[in-house]
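Participant: Respectively, the protein sequence lines represent chains A and B. For the first sequence, position 246 (counting from the first letter as 1) is numbered 293 according to my numbering, and the numbering increases by one without interruption. For the second sequence, position 204 (counting from the first letter as 1) is numbered 207 according to my numbering, and the numbering increases by one without interruption.
Quick caveat, the hints were computed from the structure, so don't treat them as lab data. Please read all numbers here as calculations on a predicted model, not as lab measurements. A portion of the hints provided could be inaccurate.
Keeping only pairs whose Cα atoms sit at most 30 Å apart, straight-line, the calculated DSS-like set for lysine-lysine is [stated by the list, open to error]:
#, chain 1, residue 1, chain 2, residue 2
1, A, K432, A, K381
2, B, K296, A, K226
3, A, K392, B, K296
Just so you have them, the derived chain A footprint on chain B, three or more residues with Cβ under 8 Å [to be verified]:
#, region
4, 439 to 448
5, 471 to 477
The C-beta atom is built at its ideal place from N, Cα and C for all residues, glycine as well.
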Amino acid sequence: MLVVGAGPAGLAAAAEAARSGAAVLVVERDRDPGGILNQCIHDGFGLTLFGESLTGPEYATRQIDEARRQGVRLSQNATVLSIRRDRTCEIVSPRGHERLRPGAVVLAMGCRERSFGSLAIPGARPAGIYGAGAAQRLINLQGVMVGRRAVILGSGDIGLIMARRLVLEGAEVAYVVEKLPYAGGLARNVSQCLNDFDIPLALEHKVVEVLGRGRLSGVRIARVDELGQAVGGTERVVECDTLLVSVGLIPENELTRSAGAAMDGASGGPQVDQRLTTSIPGVFACGNVLHVHDLADWASLEGRRAGEWAARYAREPWTGEETTPMPRAAGPGKPVPVSRGTGLKYVVPQRLAVGEAATLHFRVSEPRRRTTVVVKADGRRLSSKPFAYLAPAELAAVEIPALPEDTRGVLVSLD
Amino acid sequence: MTAAYDVAVIGAGVVGLATAREILRRDISVVVMDKDDDVGRGASGRNSGVIHSGFAVAPGTLKAHLNVRGSRLMRAVCAELNVPFDEVGTLVVAADEDEADALPRLRDNGVANGLTDLRMIDTDELARLEPSVAGHVALFSPEGAIINPFTFVLRLADCCLANGASIAVGTEVEGLSPLRDGWQVATSGGVIEAAVVVNAADVNAPDISSVAGGERYESFPCRGEYLVLDREARNVPRRMVYPVPPSEGGLGVHFTPTTSGNTLIGPSTEYVDSQEDHATSGQVLARLMSEAKALCPGFDPTDVIASFAGVRAKISKGAYGAADFVVEESRKAPGLINAVGIESPGLSSAPAIAERIAELVGARFADRPVRKHFAAGPVATSRLPGASAEGEIICRCEQVTRREVLDALDNPLGARSLAAVKARCRAGMGRCQGSFCMPRIVDILRHERGVHIEDITLRGPGTELFTGETKELLR
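Whole structure, please, built from the sequences with the hints as guidance.
Facilitator: Pasting the structure below:
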């Protein structure tokens with residue numbers, strides 16, 4: 048079995064698969080396994096998985112140790128260039144160029160930050176503009192300081208954590224600028240990273256221009272209306288030499304697409320069933336490549352499930368996969384499509400095998416108080432769950448029982 | 004210390020370097036100077052990468068002559084330099100019957116310029132050729148081609164170096180004084196003497212001519228902004244697709260594929276105050292989006308990965324082709340050869356401009372023999388961008404290996420900015436815009452090439468990226 052990516056999802060998948068007897072190779076493009084955990088030196092990881100608060104590197108170390116104990120092999124500085132429909136993987140590394148055809152593949156490439164370039168914000172292209180994650184790597188792993196006075200664009204978790212990190216490094220953070228009326232990151236990060244450090248959060252604002260030709264000299268910010276358009280007369284210049292951009296994460300699915308897997312435009316990841324099988328037989332997906340998780344622990348838990356099923360597939364491929372593009376996850380019967388009602392941004396999995404219970408993960412499009420999520424199969428209520436508060440930043444889950452054999456469709460909606 | 008050369012070329016862009024390469028065919032010593040820290044930082048690296056067949060320029064002008072001749076020479080030059088030359092073809096699309104009236108005039112214009120294979124395309128054929136394009140009818144020029152302008156400039160520079168030229172980057176001209184037989188050029192890097200000075204200074208060429216006591220030219224820097232689309236963008240044309248040229252000048256916002264598989268949208272046409280104004284603007288980027296949508300309704304704005312701007316070296320305001328290229332020896336300052344007003348189609352015309360200037364220079368050095376071992380092609384160590392078969396991947400989006408990054412850093416010009424790496428091996432040009440590779444290249448610069456953190460730049464001096472090591476601000 049081959050796992051692409053040694054982050055929290057990939058390592059969990061690898062360890063779980065090896066535990067059940069599979070021979071597992073993890074291919075990691077970085078020098079060290081651990082993925083983004085390695086640059087997340089703050090704590091708060093592991094509360095679900097290990098029952099204690101760990102730093103990212105501590106969390107990664109536990110996972111790496113566990114994977115090694117289970118006999119997982121790791122190939123570092125190695126990149127999977129392509130995956131074919133028959134699972135042939137093309138890999139390059141300093142050791143050369145090779146092709147493998149494993150019995151199952153787990154995709155766990157994670158996600159990348161939406162770039163400043165893609166925002167088409169006007170200005171000359173001065174130095175001093177960094178993705179928040181790139182700045183985190185530079186500061187925490189490479190010991191390089193990015194600037195003296197910063198504005199953070201976007202209040203996603205990485206942006207919030209980096210605001211605090213810059214202050215701890217002796218820099219000033221003028222503002223965290225967020226175009227929505229609420230923060231993009233977890234409530235605990237707003238409290239611990241901004242409020243505790245007196246860093247102002249400018250909600251309903253955006254950066255309309257970057258200033259400076261050589262090095263960044265400032266940003267022009269403006270209040271936005273409900274449509275996200277700048278309101279005339281509200282523009283002002285904030286002096287800064289650094290702009291960190293944290294405006295969203297994109298599941299990194301170039302490989303997945305190159306393999307021809309069916310994608311979900313809403314989640315940004317491949318379509319899967321409750322076994323985390325993509326539309327390509329024997330290819331599974333988990334962690335942030337499937338959909339962006341809030342917590343590493345959740346990505347790891349998903350990884351475990353993917354690893355378990357992938358190992359089972361590698362041992363004993365289940366039926367139907369050679370003849371239909373959509374594998375029949377649980378033997379006979381077609382997979383049941385999952386659709387979502389208004390107010391839901393996405394639901395994973397996107398299809399369900401009958402006869403097997405499942406957990407549906409979802410995000411709402413906008414914050415909601417006191418709402419109930421209802422899951423129906425062919426109009427019949429399967430399950431429901433009340434929530435006191437749901438926000439786009441917080442991934443939520445609802446469990447459903449096994450679907451009857453003749454189910455035609457499942458609908459997830461907000462009451 | 005004064006260095007002496009036969010010829011000093013000011014400006015290491017396509018025109019300066021292509022000219023130096025032609026001059027070097029004879030045994031003539033050449034220095035090429037540029038104020039920026041790398042070659043091709045002006046309009047040469049800020050354009051569409053298009054080799055225009057020449058149907059749009061006004062017949063009878065020098066511009067028309069040099070464009071048509073240049074684009075025909077370009078194919079051979081690219082073959083010699085091992086630069087991919089992709090004849091994708093150009094479509095000028097009329098949105099409706101009113102606009103269609105303009106197409107026969109364009110075709111006649113092209114015929115007058117000596118083009119023989121222009122043809123009109125009807126609605127059905129247009130839909131077949133480019134299903135993503137909304138249009139009524141079109142004019143098709145199969146000769147329209149694209150090249151990678153970064154690679155072209157770098158290969159020209161390699162070729163000049165291989166034939167003994169000096170290339171002095173980061174060297175700004177501060178003064179030009181006539182000597183009894185030649186010029187003394189004061190630069191930020193010292194004084195240079197040369198018998199002939201070639202002014203290939205792009206937007207700054209009018210200034211250079213004035214400083215030398217040559218003809219005075221007005222300067223109307225004209226900015227063009229672009230959007231860059233991801234290589235995976237769908238519903239975009241495979242050929243170059245232009246609207247009917249707008250009356251206010253320029254070619255109109257168009258789609259251009261690049262040899263790397265991306266798509267460019269633009270450029271806009273805006274007169275700006277500064278020759279160096281490479282900023283993009285909110286209004287124009289929004290307009291590019293909407294005009295692109297009109298030409299190509301399926302275009303998805305989320306495919307945009309970057310935006311940039313270049314400045315055209317216009318010497319008169321007005322419609323496309325209003326002012327002609329100036330490629331001649333100055334009458335007021337003999338020994339100064341001016342290439343002034345080289346706006347679009349400057350890239351297409353560069354080989355012909357080079358040929359013309361080399362003739363003028365050659366006349367002064369008629370006694371010099373032909374260089375014995377002129378190397379027309381790139382030096383053996385040069386590599387073209389692309390994935391290599393092995394090695395650690397440093398740039399995930401463009402699949403650039405560590406070996407390729409090291410080769411780029413070890414370039415003979417000593418250009419070590421991130422932009423210099425990007426131009427040479429594409430690291431940082433992809434959809435993540437360097438978030439992945441930049442920290443890794445920084446590590447390589449520090450630990451494998453011994454560059455101090457404070458000296459690591461985005462685009463040369465003035466674009467320093469870091470304040471130093473962590474913890475320093477706390478002391």
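Participant: Hint by hint, which ones does the structure fall short of?
Facilitator: The structure breaks none of the hints.
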